[in-house]
Amino acid sequence: MTNTATEALCVVVEREIPFPPEKIWRALTQPHLIEEWLMKNDFKPVVGHSFNLRADWGVVDCRVQAVEPNKTLSYTWGAYGLESVVTWTLTPTSTGTHLRMAQSGFRPDQQQAYQGAKYGWQQLFANLERVLARID
Amino acid sequence: MPQPHDILFRTLADPTRRAIFERLCRDGDQTVGALTAQAGVSQPAVSKHLGVLKQAGLVRDRHEGRQTHCSAQLGALAPLIDWTRQMAGFWQSRFDHLEDLLKRMDQ
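As you go down the protein sequences, you meet chains A and B in turn. Per this note's numbering, the first sequence starts with residue 1, numbered consecutively. Per this note's numbering, the second sequence starts with residue 1001, numbered consecutively.
Treat each hint with caution, since some may be false.
Cβ-Cβ distance ranges computed for the label pairs, FRET-style [to be verified]: (1) B:G1089 x A:P45: 46 to 54 Å; (2) B:F1090 x A:E68: 48 to 56 Å; (3) A:D42 x B:H1063: 52 to 60 Å; (4) B:R1066 x A:G58: 17 to 25 Å; (5) B:Q1038 x A:P92: 51 to 59 Å; (6) B:G1075 x A:V59: 14 to 22 Å; (7) B:Q1092 x A:K44: 22 to 30 Å; (8) A:A66 x B:Q1055: 34 to 42 Å; (9) A:E35 x B:Q1092: 41 to 49 Å.
Think of the hints as simulated: they come from the structure by calculation, not from any bench. Here a beta-carbon is modelled for each residue, glycine too, at the ideal position from N, C-alpha and C.
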């Protein structure tokens, strides 16, 4: 295991995209466009709005947490009994946009039946980070 | 069917069990007696937790005379790392689709 603790517990994908933030924002926030690259959905760019992402393999329960047009979008992501937060950040560059997706803060999904896992997840991940840091 | 990471997450979700595992990570091998002295629960309870940790592959034990020595198996944390790698793979492919879509979209 050579991953650092941070890599192990936070998923980050970043890319330079040759289009302006406004165009990417549409793809990130309009349901018919979201469906084309992510999943079927009933998304609305409204803080507090609950929505689902639906695929053959199951449903992801989400709730909008932050909306700053053309800059930041974040929503919770509940799947497989764990809830995390997906945050999109759009930064304009001279050639387009630096697009960053970070999925982090894994904790128990209150809506799913992991009864034994309802407490201590944050602590678990904090502790695992320390453990994993020593493995390297 | 439970995935390896499900078992791992569930095993480590219990605070007492997690504390036992962390102690073995931190302080190295321990006897069941030494673990019980610090765990704040009875020896049968500690043994039960150790059984669950063993099933998840997180702890291994060996018997020496009347003592049972336990050790943490850090390699068993691999499914957690694999799982986040899978998530990264998922998002990479979504980024590919997103870029394809952006090429098709009008301004």
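Comparing the hints with the structure gives:
Roughly 27 Å separates the CB atoms of B:G1089 and A:P45, a value that falls outside the hinted 46 to 54 Å. Taking 48 to 56 Å as the suggested C-beta distance range, the pair B:F1090 and A:E68 does not conform, at roughly 25 Å. Range check, A:D42 to B:H1063: Cβ separation about 58 Å, and the 52 to 60 Å hint holds. Look at B:R1066 against A:G58: about 50 Å separates their beta carbons, and that is not inside 17 to 25 Å.
With their beta carbons about 54 Å apart, B:Q1038 and A:P92 fall inside the hinted range of 51 to 59 Å. Separated by about 33 Å at the C-beta atoms, B:G1075 and A:V59 break the suggested range of 14 to 22 Å. Checked against the hint of 22 to 30 Å, the pair B:Q1092 and A:K44 passes, with Cβ atoms roughly 27 Å apart. For A:A66 and B:Q1055, the hinted distance range of 34 to 42 Å is satisfied, since their beta carbons lie about 41 Å from each other.
Hint check: A:E35 to B:Q1092, Cβ distance near 19 Å, so the stated range 41 to 49 Å is violated.
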